[in-house]
Amino acid sequence: EPEVTQTPSHQVTQMGQEVILRCVPISNHLYFYWYRQILGQKVEFLVSFYNNEISEKSEIFDDQFSVERPDGSNFTLKIRSTKLEDSAMYFCASSESRSWGRYFGPGTRLTVT
Amino acid sequence: QQPVQSPQAVILREGEDAVINCSSSKALYSVHWYRQKHGEAPVFLMILLKGGEQKGHDKISASFNEKKQQSSLYLTASQLSYSGTYFCGTDHGGGFKTIFGAGTRLFVKA
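Those sequence lines, one after another, are chains A and B. If you're matching positions, the first sequence starts at 2 in the numbering used here and goes up one per residue. If you're matching positions, the second sequence starts at 58 in the numbering used here and goes up one per residue.
Just so you know, the hints here were simulated from the structure itself, not pulled from any lab data.
DEER-style ranges, computed between Cβ atoms:
id	chain 1	residue 1	chain 2	residue 2	range
1	B	GLY150	A	ASP63	14 to 24 Å
2	B	LYS124	A	SER100	16 to 26 Å
3	B	PHE164	A	LEU40	11 to 21 Å
4	A	ARG23	B	GLU97	13 to 23 Å
5	B	SER120	A	ARG81	35 to 45 Å
6	B	SER82	A	ASN29	29 to 39 Å
7	A	THR14	B	LYS124	43 to 53 Å
8	A	LYS84	B	ILE68	33 to 43 Å
9	A	ARG81	B	GLU71	46 to 56 Å
10	A	ASP63	B	HIS149	18 to 28 Å
Note that the structure is predicted; figures quoted are calculated from it, not measured. Built from N, CA and C at the ideal position, the CB exists for glycine as well.
Using the sequences and the hints given, assemble the complete structure.
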């Protein structure tokens, strides 16, 4: 069964550093998303991406965040200057349409020290 | 805008039934349901769309009351594998942005 993959599984970085989280969505899916989950809390929507552009973003997704689909398979989330409060599990997800569920990847645990 | 889930936690014995509720203060375009086990990613269970269409797994059922802006997830004859945290996610238009509730922790014991 096709699945969403994410790399790395765990990233440790120092405050102020840039990080890039990578995702490979399910191949026939057209809609891509990033979510984050602080330990023990709910899943928070960051951004959705369709047709090579951002379709929706949350208040969390400020100028420090950006997304890109550099080729036909990868989908990346960049945080330009990480803060301690960016420490969380970041999930990539994809869906075949807007009216369908999100298929989540296994996540990247980001630790900012 | 965050949907409100109830109850916050449920403890069941194997074979018992449970209902998890999700309500929103805003009109809904769709409601999603997910299950997350500890240390894992959320897994999609079901989506309910405005107008009555329902897509998802055969063994799980749910309802969507558009007027009341509520959805309920029905877990029948629970199994140990049902244990986890259940999240509802609501979308208020467009289908791009899903806002998740705080979750309902379900524990099924033998």
